[in-house]
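Student: Position in the sequence shown counted from 1, then plus 674, gives you this note's numbering.
If you are wondering where the hints come from, they were derived from the structure by calculation, not from laboratory data.
Backbone N, C-alpha and C fix where the C-beta goes; we use that ideal spot for every residue, glycine too.
Incorrect hints may appear among the rest.
Stated by the list, open to error - Distance windows between CB atoms, simulated:
1. Val-1027 x Ala-1071: 20 to 26 Å
2. Asn-824 x Ile-1023: 36 to 42 Å
3. Asn-778 x Pro-1030: 43 to 49 Å
Stated by the list, open to error - Here are the computed lysine-lysine pairs in the PhoX-like style, where the Cα-Cα straight-line distance is at most 25 Å:
4. Lys-870 x Lys-938
5. Lys-756 x Lys-782
6. Lys-862 x Lys-782
7. Lys-756 x Lys-862
8. Lys-938 x Lys-799
9. Lys-799 x Lys-870
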Amino acid sequence: MQSDSILISIILGFNIAILIYFVAINGNYFVLLVISYFSMLRYRRHIEHEQWQRIIQSPLTIPVSIIVPAYNEELTIEESVKSLLMLEYPEFEVIVVNDGSADNTLGKLETSFNLHPIPADIEEKVPCQQILGLYRSPDNPSLVAADKINGGKADALNAGINVSRYPVICAIDADSLIEGGALLRVTKPFLERPGKTVAVGGIVRVANGCTIEAGSVLHVGLSRAWLPLIQAVEYLRAFLFGRSGWSALNSLLIISGAFGIFRKDVVIAVGGYRRGSLAEDVELVVRMHRYLREQRREYEMRFLSDPVCWTEVPESLSILGRQRNRWQRGLIDSLRIHRRMMLNPRYGIIGMVAFPYFVFFEMLAPVVELLGYIIVPISYALGMVDFSFFALFLTVAILIGVILSTGAVVLEELFYRRYPKTSDIVRLVAAAFLENFGYRQLTVWWRVKAFWDYFTGKTAWGKMERKGFIKTLGGRSDSNRCI
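Given the sequences, and given the hints that come with them, work out the whole structure.
Tutor: Dropping the structure here:
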């Protein structure tokens, strides 16, 4: 009897802890949503009458080196490079780093852009594998290709830094497309606050369902498939009120590797990208925060919600699972490496607010949610909670999730209206509801499994499909490529 009483007390304690966690995490989400709304409202007013043509012609515009790490990207690289060469920006270079691809990535570049070998006299500012050769195009003098021994994405980015000529670097994924004016918009904080701005990130949007031709998104739409549709909602939620909110608090810990821009001298000062990292983008940003706080320097890292990078997302559960597993392992690794920042007043709001948030509400969230799926039904089965409470708790949990996701869709509609059809907005709201039934539970499992994989030493990225940007009839592109 005493053991039964102890067991019931433990289960009851778990229930109370889960309830407190549930209130805390959703309370934080609502706060971020409100902060994001006012932040985007201020930003919209700030740029409402901006004369972008004047900025393009300004001698103060900073030249940018765009670094594109490429591994087995022969199906996507031509479209990606074309989109970059069409960017509206006065002075930039595009550096494609072929990271020892096993396919014809380099050959595709040579053929498509008439590349020729050039002398390679490269100073190693950050460590990377050997660069075997450099290539330049007489037709596109701003395009450079570097061929190197395979070393992974972080190593390829470091190679690009070593090759680069300009003081600001922009890191993008080879399977992504940047809108024509996005680079100009994302560099604007460097013009406004040149002494303080060290990093800026743009928004990443889902390209599945869009019409893409010659490196440009001609028509914005949604995929017919349910999996990328739900991911479109996820991306809006993550960027429009996640990163936008943290940016307003100057506590941004993640700048997406798909589209981020950095002061090169600061990146070099911290040693470049960490080779072998599973989340080189997260780890670099956290390390930059740590370095700059320790140096007691005033600085800003910002997220802007209007410079857009388009990327295709998985339409296969197996590929999506590998992707989310790797993202979670990368987050665990980055937070573990810099764990001394946790609740350390030396690092200000980063150490006291942002870092604990990412530990408790990002890294540990799937573990707590999985425990809730196990313990709450057990509590009901043991008669510790009645059916009405059990049903009410589940209903409220689902409704809050729907409200938060719908809030991101509302922010999209209020400020940007990228989806021209009312039916698209209706489908996004429907996806915000449907993701709670099956999809959310799958992502929880993938992320919980990542703990086991990480602590048992799994470091593989997992094989990712590449089918290229495909234009289809009816303004739809339903490629299975993933980020």
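Student: So, for every hint listed, does it hold in this structure?
Tutor: Consistency of the hints with the structure:
1. Val-1027 x Ala-1071: 20 to 26 Å: holds (25 Å)
2. Asn-824 x Ile-1023: 36 to 42 Å: holds (39 Å)
3. Asn-778 x Pro-1030: 43 to 49 Å: At roughly 47 Å between Cβ atoms, Pro-1030 and Asn-778 fall inside 43 to 49 Å, so the hint holds.
4. Lys-870 x Lys-938: holds (13 Å)
5. Lys-756 x Lys-782: Answer holds: Lys-756 to Lys-782 is near 13 Å, not above 25 Å.
6. Lys-862 x Lys-782: violated (34 Å)
7. Lys-756 x Lys-862: Given that 25 Å is the threshold and the Cα spacing comes to 23 Å, the pair holds.
8. Lys-938 x Lys-799: holds (10 Å)
9. Lys-799 x Lys-870: Satisfied, since the Cα-Cα distance of roughly 23 Å is no more than 25 Å.
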